[in-house]
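> Here is what each chain is made of, one letter per residue.
2 protein chains.
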Amino acid sequence: MAAKRTGAQSKRSQRIGGSLQSAREPHSEQPLSLERIVATAVELLDGQGVDGLKMRQLADRLGSGAMSLYWHVDNKEAVFDLALDSVLEYRGPPQTVESQDWRGEVVHMLEDWRASMLRHPWSASLLPRRRLGPNILSRLERLSNTLTRGGVTDADLNVAIWSLWNYVMGATITRANFNLSDDDMAAAQQRLTRLSERYPTIERTRLLLDNDWDGAFRKGLDSLLDGLSPR
Amino acid sequence: MAAKRTGAQSKRSQRIGGSLQSAREPHSEQPLSLERIVATAVELLDGQGVDGLKMRQLADRLGSGAMSLYWHVDNKEAVFDLALDSVLEYRGPPQTVESQDWRGEVVHMLEDWRASMLRHPWSASLLPRRRLGPNILSRLERLSNTLTRGGVTDADLNVAIWSLWNYVMGATITRANFNLSDDDMAAAQQRLTRLSERYPTIERTRLLLDNDWDGAFRKGLDSLLDGLSPR
DNA sequence: CGTTAAATCGTACAGCGTACGAGTCGGTCA
DNA sequence: TGACCGACTCGTACGCTGTACGATTTAACG
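Chains as they are written, first to last, in our numbering: chain A, 1 to 231; chain B, 1 to 231.
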């Protein structure tokens with residue numbers, strides 16, 4: 001019955017870019033800030049995975065009390081959103097309108113996208129469930145521009161973008177969740193051999209044991225681009 | 001320091017197919033069983049999503065105490081695994097070795113796969129994180145066979161399979177998490193217009209507002225198959 | 001000095017998965 | 001018959017979670 005979520009974002013005001021930084025040390029090492037919170041959250045997520053991020057632990061790592069976080073951040077979900085978008089920032093050369101090799105550019109952009117996510121394996125599975133942040137949108141914008149430059153018409157553009165998105169997301173999510181140690185590999189190997197008469201083709205082509213992920217990604221992407229290229 | 005997870009699957013013995021069913025009503029309505037647990041878990045997941053499944057609620061719905069579940073099931077994760085695989089069972093005609101239209105078969109299989117997952121939207125995002133169950137493996141086996149029949153050599157098979165897997169998973173996960181009400185659509189519309197000078201191409205082609213998901217899936221799949229087809 | 005807003009945090013609460021051990025039941029064998 | 005046993009159920013309790021609430025501290029300014 002209680003009225004909650006009245007719409008305010010967080011208690012602090014909206015201006016994020018304020019550049020004041022006094023040299024105060026109130027009692028702990030540094031004052032809290034959105035930036036520090038997000039950076040530390042990314043560290044923890046990298047180390048412990050999505051389920052490993054706990055508000056108390058995050059606060060501990062920052063040298064503050066758990067509830068102090070909530071002045072800067074609405075709730076745990078917001079921490080995820082911020083960490084996610086921060087990790088997807090594009091650090092590449094500015095878009096050159098001149099280049100002729102549009103296809104090479106597309107491949108490079110998508111490989112960079114995938115690499116960014118694989119550097120933070122929790123990010124891939126998180127991305128499709130959350131609202132698209134500014135960094136993702138500008139990656140999509142870039143991609144659209146390059147494809148257009150390559151001759152894809154507006155009528156075909158959405159299908160092309162979504163196809164590439166689907167492929168990259170699927171590949172990256174799968175890869176990110178499939179980290180086998182050597183022991184695991186051996187176990188899987190054995191399990192599979194045991195099932196070899198039920199799944200003969202899978203066994204014959206060693207589908208689940210082929211671990212050249214990067215090469216397979218690249219080859220599949222090439223095929224997809226072959227199919228998408230304007231005739 | 002405690003030694004846990006000594007390897008036993010669950011306390012009950014392994015035989016699942018035992019056909020004994022006495023007509024007893026001990027105190028509640030029906031005796032528990034793996035089948036009932038899984039079926040009810042699927043119901044709850046359909047209704048409340050992944051985070052909405054609680055062991056206590058599941059037990060309530062089954063008319064039993066929460067801890068009774070644990071005699072049939074190792075832990076909550078096992079419930080997810082079982083629900084997931086149960087939902088991915090292939091209910092289609094048996095594979096006909098004769099058919100010439102291998103490409104039509106592939107499209108049909110993958111559309112069916114996608115449809116099965118979209119009927120239970122929690123399943124798509126869960127699938128890549130868990131070990132592949134028997135029903136997924138046999139779908140992959142089927143797919144491999146059809147592609148082979150279509151002329152794909154063993155050397156190219158894994159790339160083809162993974163490309164299709166990636167595409168289908170990416171498309172389905174994205175779709176499953178992108179369920180906008182009309183209100184949301186209006187809001188997104190507005191938000192986007194506000195950003196139109198930052199993302200002009202996205203705005204121009206209405207990338208995020210184009211909601212012909214089925215058509216886009218089909219077209220993209222066609223392109224991908226074009227690219228993958230042996231020359 | 002007093003007042004105010006920004007920022008911090010101790011305490012508390014409801015809800016979660018599940019360990020543990022006691023309980024019930026039906027069948028089997030002496 | 002009564003003792004025993006394995007299959008199955010479940011009440012209680014523990015540790016852990018996110019976070020609501022309100023008191024508290026601090027910096028800034030009149």
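Honestly, the hints are just simulated from the structure, not real lab data.
Hints may be right or wrong, so weigh each one.
When chains are identical, the list treats them as one kind, so a pair holds in a single copy or across two.
[As the list claims (entries may be wrong)] Derived pair list, reagent style EDC-like, types lysine to aspartate or glutamate, alpha-carbon separation capped at 16 Å: (1) K11 with D214; (2) K219 with D154; (3) K219 with D156; (4) K54 with E77.
> Looking at the structure, which of the earlier hints fail to hold?
1
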